[in-house]
Amino acid sequence: MAIEVIKPGLATSVQDVGRPGYYNIGIPLSGALDQYALRVANLLVGNDEGAAALEASLLAPELIFHAPAIVAIAGSEATPKINGEARPRNESFAVRLDDRLTFDYMKAGARAYIAVAGGIDVPLILGSRSTYGLGALGGFSGRKLAAGDVLPVGNPKPGARAGRALPGDLAPSYPKSLELRVVTGLYFRRLTDEAAKTFFEDTWTVAPEADRIGYRYRKGRALSFRERKQPFGAGSDPSNIVDAGYPYGSIQVPGGLEPIILHRDAVSGGGYGVIGTVISADMDRIAQMQPNNVARFVEVDMATALKARAEYKGRDRRLRSSLSG
Amino acid sequence: MSGIRYSFGADEHVFAEIDEEMSLEAFFKGMAICKELEKRRIPGVSEICPSNASYLIRFDPDVIHPDKMLATLKEIEAQVGDADLELPTRIVELPVLYNDPWTNETGQRFRERHQDPKSTDIAYSARINGYGSIDEFVAAHSGAPWFVSMVGFVAGLPWLYQIAERAKQIEAPKYLRPRTDTPKLTIGHGGCFAAIYSVRGAGGYQMFGITPAPIYDPAQKLHYFKDFLAVFRPGDIVKFKSISREEYDRDIKAVEAGTFDLTFHPVNFSLKSFHSDPGGYSRHLVEVLHGH
Numbered sequence: 001m002a003i004e005v006i007k008p009g010l011a012t013s014v015q016d017v018g019r020p021g022y023y024n025i026g027i028p029l030s031g032a033l034d035q036y037a038l039r040v041a042n043l044l045v046g047n048d049e050g051a052a053a054l055e056a057s058l059l060a061p062e063l064i065f066h067a068p069a070i071v072a073i074a075g076s077e078a079t080p081k082i083n084g085e086a087r088p089r090n091e092s093f094a095v096r097l098d099d100r101l102t103f104d105y106m107k108a109g110a111r112a113y114i115a116v117a118g119g120i121d122v123p124l125i126l127g128s129r130s131t132y133g134l135g136a137l138g139g140f141s142g143r144k145l146a147a148g149d150v151l152p153v154g155n156p157k158p159g160a161r162a163g164r165a166l167p168g169d170l171a172p173s174y175p176k177s178l179e180l181r182v183v184t185g186l187y188f189r190r191l192t193d194e195a196a197k198t199f200f201e202d203t204w205t206v207a208p209e210a211d212r213i214g215y216r217y218r219k220g221r222a223l224s225f226r227e228r229k230q231p232f233g234a235g236s237d238p239s240n241i242v243d244a245g246y247p248y249g250s251i252q253v254p255g256g257l258e259p260i261i262l263h264r265d266a267v268s269g270g271g272y273g274v275i276g277t278v279i280s281a282d283m284d285r286i287a288q289m290q291p292n293n294v295a296r297f298v299e300v301d302m303a304t305a306l307k308a309r310a311e312y313k314g315r316d317r318r319l320r321s322s323l324s325g
Numbered sequence: 326m327s328g329i330r331y332s333f334g335a336d337e338h339v340f341a342e343i344d345e346e347m348s349l350e351a352f353f354k355g356m357a358i359c360k361e362l363e364k365r366r367i368p369g370v371s372e373i374c375p376s377n378a379s380y381l382i383r384f385d386p387d388v389i390h391p392d393k394m395l396a397t398l399k400e401i402e403a404q405v406g407d408a409d410l411e412l413p414t415r416i417v418e419l420p421v422l423y424n425d426p427w428t429n430e431t432g433q434r435f436r437e438r439h440q441d442p443k444s445t446d447i448a449y450s451a452r453i454n455g456y457g458s459i460d461e462f463v464a465a466h467s468g469a470p471w472f473v474s475m476v477g478f479v480a481g482l483p484w485l486y487q488i489a490e491r492a493k494q495i496e497a498p499k500y501l502r503p504r505t506d507t508p509k510l511t512i513g514h515g516g517c518f519a520a521i522y523s524v525r526g527a528g529g530y531q532m533f534g535i536t537p538a539p540i541y542d543p544a545q546k547l548h549y550f551k552d553f554l555a556v557f558r559p560g561d562i563v564k565f566k567s568i569s570r571e572e573y574d575r576d577i578k579a580v581e582a583g584t585f586d587l588t589f590h591p592v593n594f595s596l597k598s599f600h601s602d603p604g605g606y607s608r609h610l611v612e613v614l615h616g617h
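As you go down the protein sequences, you meet chains H and Y in turn.
Just so we're aligned: 13 in the numbering used here is position 13 of the first sequence, and the numbers increase by one with no gaps anywhere.
All you need for the numbering used here is the position in the second sequence, starting with 1, plus 325.
Source of the hints: derived by calculation from the structure; they are not laboratory data.
It is possible that some hints are incorrect.
[Stated by the list, open to error] Here are the computed lysine-lysine pairs in the DSS-like style, where the Cα-Cα straight-line distance is at most 27 Å: (1) H:Lys313 to Y:Lys546; (2) Y:Lys578 to Y:Lys360; (3) Y:Lys399 to H:Lys307.
[As the list claims (entries may be wrong)] Pair by pair, the computed Cβ-Cβ distance ranges are: (4) Y:Asp552 to H:Ala207: 39 to 45 Å; (5) H:Glu201 to Y:Asp552: 47 to 53 Å; (6) H:Pro167 to Y:Gln404: 31 to 37 Å; (7) H:Pro88 to Y:Lys509: 44 to 50 Å.
[Stated by the list, open to error] Sample of chain H residues with no beta-carbon within 10 Å of chain Y, all distances over it, derived: (8) Pro20; (9) Ile64; (10) Ile82; (11) Thr102; (12) Asp104; (13) Val150; (14) Pro172; (15) Thr192; (16) Asp243; (17) Gly245; (18) Val294; (19) Arg309; (20) Glu311; (21) Lys313; (22) Arg320.
Note that the coordinates shown come from a computational prediction; the quantities given were computed from them, not determined experimentally.
Yeah, the Cβ is synthetic: ideal placement off N, Cα and C, and Gly gets one too.
With the sequences and hints as input, model every part of the structure.
Here it is in structure tokens:
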């Protein structure tokens with residue numbers, strides 16, 4: 001069984017739950033940016049929830065199936081079509097030999113997940129099938145997909161069937177304006193009092209430079225850092241620190257101009273002081289922001305972050321119980 | 326150095342700043358804590374990343390509560406506090422073609438982003454560090470060995486800190502605006518840190534030269550990649566060796582033929598011995614490299 005790429009879309013890659021354990025040598029987690037949508041797509045086709053699927057960004061690919069398969073699409077609102085005929089999102093459906101899968105444009109959300117029963121069967125590299133593009137590692141030949149690529153598919157599990165649907169209350173919506181919850185810290189204290197205030201007051205717009213490495217935001221007021229005699233080794237700009245590790249979800253503001261939130265293909269460290277970190281429960285939501293969508297940052301404490309995480313995990317449990325069997 | 330400053334990176338990370346400024350002491354302490362943390366194999370801890378004068382931990386708060394995680398790190402800090410600062414590690418010599426045509430060409434393409442558009446990166450850095458010539462600068466850069474003080478940014482990219490007194494540290498600003506291109510295997514420098522660009526890409530460090538030795542290879546072709554696809558780990562010691570264009574070309578041919586190799590020698594670094602005689606200790610390390 002195989003899938004052929006006719007048009008690759010803007011940036012389509014093989015992703016799974018990711019590759020933890022190598023951040024200390026600069027190899028980031030990778031994996032689906034919207035982990036919930038990956039789980040939905042996989043469970044709909046009877047895969048393990050962390051199996052490898054295709055992640056499409058903003059402009060989805062065009063694919064031809066070289067054998068019959070069970071397929072499910074989750075994530076952004078882009079209507080899938082088989083040979084030009086609409087198919088449901090968030091529901092598994094059957095495809096036949098030589099069927100052609102295309103998509104309408106993404107009306108809301110930025111990432112669609114295409115799961116195939118059996119999973120995308122590229123080799124496991126350091127425990128994961130995820131693509132890490134900067135390091136030319138994993139996935140299909142270590143890169144995003146290109147026209148002509150032929151993707152191997154594994155053997156479906158016995159439970160794979162068409163017509164399995166996600167209950168409506170478990171289907172997220174993707175608003176064009178949202179709030180992202182942030183725990184401040186790390187080098188937040190380097191900001192002036194004014195900047196520490198305006199960062200949370202302003203509405204920030206997703207810039208075109210928003211990808212798997214990080215999401216860049218703009219149109220808020222510039223942030224200034226407290227003047228100081230820079231510590232030895234830190235570099236001359238007041239936003240600079242002695243190069244240090246960057247958490248996933250951490251927010252850096254090079255030169256005080258445009259905040260960047262690092263995502264799952266993060267650069268693992270550098271010399272910009274990080275001012276806070278987006279909570280784990282909101283990382284999937286970042287992945288579904290399109291350029292020109294807007295966000296406000298809301299400061300929360302650890303207790304709130306843990307409560308949001310528990311709610312996120314609770315939804316995962318409901319997802320599993322509703323789609324198992 | 327006062328106490329370590331801890332800060333949560335939301336619900337999954339703890340960042341620990343040993344010191345605001347870079348020093349061998351801060352680096353050693355971070356390494357010692359990270360090593361102890363690794364040894365304890367604490368359930369829920371998925372990433373342990375030492376970095377220059379700080380370190381970063383990623384953990385699963387459903388397995389270990391953030392308060393417990395922090396308490397554990399503080400306990401390790403107290404335990405490591407009095408440790409004799411010795412690091413069993415390894416040293417390797419890395420050939421470098423300094424002042425090479427490729428990084429100079431790249432530097433010229435992005436000249437308007439540089440502090441001194443009329444100069445080259447290496448000539449500029451030699452001048453602002455008080456060296457009379459590029460040769461003298463190269464002698465200093467390739468003289469005392471360097472610690473790999475962090476690996477990251479992208480896969481397998483080492484940051485290095487020279488094992489020398491602060492007065493002898495080479496310092497250079499980053500480009501005014503980062504370049505969009507840097508040749509693969511460029512030897513760069515920003516602040517007090519050297520870096521070896523493991524892959525081609527954007528960068529803001531001054532470019533001094535290029536090494537023929539691959540340091541990251543997902544295909545793991547050369548012998549020294551047999552265990553892992555990235556060469557360097559925090560704590561490794563690197564001695565740069567200035568080579569000629571002919572030697573560089575010969576090394577590149579060996580890389581292409583799959584016969585190029587690097588030799589790592591075990592060495593025990595003692596911070597105390599270094600402080601009692603920095604110059605002598607640096608020479609001692611180089612002797613280890615040459616088998617004395």
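- Query: At the C-beta level, are Asp552 of chain Y and Ala207 of chain H separated by a distance inside 39 to 45 Å?
  - Reply: holds (41 Å)
- Query: Ile64 of chain H clear of chain Y by more than 10 Å, beta carbon to beta carbon?
  - Reply: Given a closest Cβ separation of 28 Å, the condition holds.
- Message: According to the definition I'm using, a residue is off the interface if its beta carbon is farther than 10 Å from all beta carbons of the partner; does Asp243 of chain H meet that for chain Y?
- Response: Nearest chain Y Cβ is 6 Å from Asp243 of chain H, so the label is violated.
- Query: Are all beta-carbon distances from Pro20 of chain H to chain Y longer than 10 Å?
  - Reply: violated (4 Å)
- Query: Does Thr102 of chain H really sit off the interface, with its C-beta more than 10 Å from all C-beta atoms of chain Y?
  - Reply: Given a closest Cβ separation of 32 Å, the condition holds.
- Item | Given as non-interface: Glu311 of chain H, which should sit over 10 Å from chain Y by C-beta | holds (12 Å)
- Using the beta carbons of Pro88 of chain H and Lys509 of chain Y, state whether their distance is inside 44 to 50 Å or not. holds (46 Å)
- Given as non-interface: Thr192 of chain H, which should sit over 10 Å from chain Y by C-beta: Holds: least Cβ distance 18 Å, greater than 10 Å.
- Holds or violated: are the alpha carbons of Lys399 of chain Y and Lys307 of chain H at most 27 Å from each other? holds (25 Å)
- Closest CB of chain Y to the CB of Asp104 of chain H still more than 10 Å away: holds (34 Å)
- Message: Does Lys313 of chain H clear chain Y by more than 10 Å, comparing its Cβ with all Cβ atoms of that chain?
- Response: violated (7 Å)
- Message: Confirm or reject: Ile82 of chain H is not an interface residue toward chain Y, with every Cβ-Cβ distance exceeding 10 Å.
- Response: holds (35 Å)
Checked against the numbered hints above, the structure violates hints 1, 2, 6, 8, 16, 17, 19, 21; every other hint is satisfied.
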